[in-house]
Amino acid sequence: MKALVWHGTADIRCDSVPDPRIEDPRDAIIKVTSCAICGSDLHLYDHFMPGMESGDIMGHETMGEVVDVGAGAKSALKVGDRVVIPFTIICGECDQCRRGNFSVCERSNRNKALGDKAFGHTTAGLFGYTHLTGGYAGGQAEYLRVPFADATHIKVPKGIPDEKLLFLSDIFPTGWQAAVQCDIQPDDTVAIWGCGPVGQMAIRSAVLLGAKRVIAIDRLPERLSMARAGGAETLNFAEDNIVERLNDMTDGKGPEKCIDAVGLEAHATGSIDSMYDRAKQAMMMETDRPHVLREMIYVCRPAGVLSVPGVYGGLVDKVPFGAMMNKGLTLRTGQTHVNRWTDDLLKRIEEGQIDPSFVITHKVGLDQGPEMYKTFRDKQDGCIKVFISP
Amino acid sequence: MHATTLPRTALRGRSRSAHDALAKGLGWFSIGLGTLELVAARSLADGLGLHGRDGLVRAYGVREVVTGIAILASHDPEPWIWARVMGDALDLATLAVGAGRAEGSERTNVAVALAAVAGVTALDILCAQGLDAEKGGPKTAVADYRDRSGFPKGVAAARGVARDFAVPRDMRVPDAMRGDVFARRRRPVPAGA
Ligand SMILES: NC(=O)c1ccc[n+]([C@@H]2O[C@H](COP(=O)([O-])OP(=O)(O)OC[C@H]3O[C@@H](n4cnc5c(N)ncnc54)[C@H](O)[C@@H]3O)[C@@H](O)[C@H]2O)c1
Ligand SMILES: [Zn+2]
Ligand SMILES: [Zn+2]
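So the protein lines, in turn, are chains R and U. Mapping the first sequence onto my numbering, position 333 (from 1) lands on 350, and the numbers just tick up by one. Mapping the second sequence onto my numbering, position 159 (from 1) lands on 167, and the numbers just tick up by one.
These are computed hints drawn from the structure, not numbers from a lab. Bear in mind the structure is a predicted one, so any value in this text is a computation, not a measurement. Treat the hints with caution; some may be incorrect.
Stated by the list, open to error - Listed next, with one range per pair, are the computed distances between beta-carbon atoms:
#1 R109/U / A255/R: 46 to 52 Å
#2 G40/U / F136/R: 54 to 60 Å
#3 T43/U / D32/R: 28 to 34 Å
Stated by the list, open to error - As a list, the in silico DSSO-like pairs of lysine-lysine whose alpha-carbon atoms are at most 27 Å apart:
#4 K134/R / K335/R
#5 K161/U / K175/R
#6 K229/R / K270/R
#7 K161/U / K172/R
#8 K143/U / K297/R
Glycine is no exception: its CB is placed at the ideal position from the N, C-alpha and C atoms.
All chains should be built: construct the whole structure from the sequences, respecting the hints.
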């Protein structure tokens, strides 16, 4: 089959690779009908996350049709079922899964020892996302093997186009969880850094959940225009002093809730501290650029909440923890517990409360996938979200 | 007024542009030249009228190798290509010094070296500028997505539709941090009571 394969820094190719097959009774094989490139894939493309190996298949936003089911998954799935595959692989039975903390499933990372070493305790296995989280083949491919398939899927009805459903795999629940864990109150101002796909979904979620005001921050005009379309006011971090402006807009008190939808690749020329981070990164003394984290901690209203869906990989430096502690801020983070939200979100799509396909700006075949990595990473051609039909 | 969006630049089927590929080439060139400067410092210095300056040539070799490795390893080689441009300037200045001291056949050597470095400098500048121009920014893409609300019934109808959503207990703001909880508990006793 064809698949998008990682070969090294900024080197992704569409290669022919062996078809996946059932390896464990709980596996299923999916014929992929559509998949997408995520901002998290860019961290791999740019090689900021450790644990990639040449030959790894990329991709963790995937949906399709079941074409083969292992004996152990037959109770839950049958050939022909239409499914969206969450990016987190879940056993459905461990302590964490039973609490709904799916992204930290204790059993799905087959490289548990690596995960334990990197993070103290392992997290869930993820599709197409480094050997620290299992080194599982990803879904930017014609076929995908789904481990623990009896739990790792979201059944979706026929009749709704892929474009509306695909993002249940990741960015929609990710934006949703980012907003939910802010525990938004009717008089809250929610500030959201980053108007990439995750930021866009977080904006829509905060609006649905009834925030009084949503203020979105980025520097790219096309992304800001999409943010405004979704009901946000916008700030441009290349032009505005974000801390000053956010304070002005909130009577000097700061936003109650802050969401970091940027993560470890915060723009490097945006500010002095980001340049400092970039230099330290280059010398391998720091892995992540926590500019947004610093800004959020500083500007957030005391007793407020910081929600961090943006991905960090390792060490950060110069985080104003004094402000964090003395202001009594609450910090909530994590890879998304996708399946915790998807039943509800599917219902909202069906009811017409939201149509996540608004974020798609480019549709291509798998062979054009490599080019789109560059286009998406460099923000060319108005690109916000790439939808791939293998 | 509508500017056009920044065009795609990746080579067909690749996740790299021609400038990315050129950068990789310059990275390898850096390593090659640096290695040469390290192993043949003495003869290079002598041949270019820089007698006794093999230490300097070796230092330049280290510079080339380090930059080369950085270019090959980095996801964004642009700053390192600019570093090469500065290195080129240093090389040109040093060669100019050599030109002043060169005698006989050394003069031809220096002239050839100057021409070669000037050529590479041009390539470096072309590459760095090309890489820079490929990145979107506030002034490039003005694709307008103002019609993409994502709310089939409009933004106004969407506001607060999910307000009844029960935030799971583990994600709620702790009671102790809700100002209103405290206010309710300490409501002043009505006068006369
Ligand atoms: N928690 C999860 O489960 C989960 C799931 C999906 C994605 N993510 C992460 O969410 C983040 C965003 O993903 P995406 O797909 O939207 O990526 P993206 O790269 O398209 O978007 C990031 C945006 O942040 C903006 N930005 C950069 N520096 C900024 C700054 N200083 N202030 C404000 N904005 C800034 C960029 O211009 C860009 O538009 C990534 O880190 C990704 O890995 C997390
Ligand atoms: Zn993702
Ligand atoms: Zn589990």
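Results for each hint:
1. For the hinted restraint 46 to 52 Å between R109/U and A255/R, the CB-CB distance of approximately 49 Å keeps it satisfied.
2. The beta-carbon spacing between G40/U and F136/R, approximately 40 Å, falls outside the hinted interval of 54 to 60 Å.
3. Checked against the given bound of 28 to 34 Å, the beta carbons of T43/U and D32/R, roughly 32 Å apart, stay inside it.
4. Only pairs whose Cα atoms come within 27 Å are accepted, and K134/R paired with K335/R is accepted, the gap being roughly 24 Å.
5. In summary, the hint linking K161/U to K175/R is supported, as the alpha carbons are separated by about 23 Å, within the 27 Å threshold.
6. This hinted pair checks out: K229/R and K270/R have alpha carbons roughly 15 Å apart, not beyond 27 Å.
7. Taking the CA atoms of K161/U and K172/R, the gap is about 26 Å. The hint holds against a cut of 27 Å.
8. At roughly 22 Å between alpha-carbon atoms, K143/U and K297/R fall within 27 Å of each other, so this suggested pair holds.
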